[in-house]
Amino acid sequence: MTNDEIIEQLDAAYQEFQANLDTIQKNRWNKFLELMKELDEEEIQRIKQIIQTV
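Under this note's numbering, the first residue of the sequence shown carries the number 103, and numbering increases by one thereafter.
The hints are simulated quantities; they were obtained by calculation from the structure and are not laboratory data. Mixed in with the good hints, there may be bad ones.
What the hints assert, rightly or not - Here are the simulated lysine to any residue pairs, SDA-like style, with alpha carbons at most 25 Å apart:
| no. | residue 1 | residue 2 |
| --- | --- | --- |
| 1 | Lys139 | Gln154 |
| 2 | Lys133 | Glu145 |
| 3 | Lys128 | Asn105 |
| 4 | Lys128 | Glu118 |
| 5 | Lys133 | Gln147 |
| 6 | Lys150 | Leu135 |
| 7 | Lys133 | Arg148 |
| 8 | Lys139 | Asn129 |
| 9 | Lys133 | Ile146 |
| 10 | Lys128 | Met138 |
| 11 | Lys133 | Thr155 |
| 12 | Lys150 | Ala121 |
| 13 | Lys150 | Glu136 |
| 14 | Lys150 | Trp131 |
| 15 | Lys133 | Glu110 |
Construct the entire structure; sequences and hints are all you get.
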């Protein structure tokens with residue numbers, strides 16, 4: 103296997119990894135939004151304060 107072939111395979115693997123990571127992040131964000139819908143306004147305000155201090 104040549105260096106160019108190895109680089110192509112590494113690039114393809116990285117692109118697949120990045121796509122999977124993007125999907126995981128979107129899924130986590132969607133789950134976060136779903137859970138936020140279940141909270142009452144007081145809890146939402148408390149979470150917003152926590153996020154702002156981070």
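Quick rundown of the hints versus the structure:
1. Straight-line distance between C-alpha atoms of Lys139 and Gln154 comes to about 19 Å, which keeps the hinted pair within the 25 Å bound.
2. A C-alpha spacing of about 17 Å is found between Lys133 and Glu145, which places the hinted pair at or below 25 Å, so the restraint holds.
3. Distance restraint check for Lys128 and Asn105: the Cα-Cα separation of roughly 34 Å exceeds the 25 Å cut-off, and the hinted pair is therefore not satisfied.
4. Distance check on the hinted pair: Lys128 and Glu118 sit about 15 Å apart at the alpha-carbon level, within 25 Å; holds.
5. For the hint linking Lys133 to Gln147, the alpha-carbon distance of about 18 Å falls within 25 Å, and the restraint holds.
6. For the proposed pair Lys150 and Leu135, the alpha carbon gap of about 13 Å is at most 25 Å, so the pair holds.
7. Proposed proximity of Lys133 and Arg148 is supported: the alpha carbons are some 19 Å apart, at most 25 Å.
8. Between Lys139 and Asn129, the direct Cα distance comes to roughly 16 Å. Compliance with the 25 Å bound is thereby established for this hinted pair.
9. Restraint check for Lys133 and Ile146: satisfied, since their Cα atoms lie roughly 15 Å apart, inside the 25 Å limit.
10. Straight-line distance between C-alpha atoms of Lys128 and Met138 comes to about 15 Å, which keeps the hinted pair within the 25 Å bound.
11. A C-alpha spacing of about 22 Å is found between Lys133 and Thr155, which places the hinted pair at or below 25 Å, so the restraint holds.
12. Among the hinted pairs, Lys150 with Ala121 is inconsistent with the structure: their alpha-carbon atoms are about 29 Å apart, more than 25 Å.
13. Distance hint between Lys150 and Glu136 is fulfilled; the C-alpha atoms sit about 16 Å from each other, no more than 25 Å.
14. The straight-line distance between the Cα atoms of Lys150 and Trp131 is roughly 15 Å, inside the 25 Å bound, and the hint therefore holds.
15. Of the pairs offered as hints, the one joining Lys133 and Glu110 is violated, with about 35 Å between alpha carbons and a cut-off of 25 Å exceeded.
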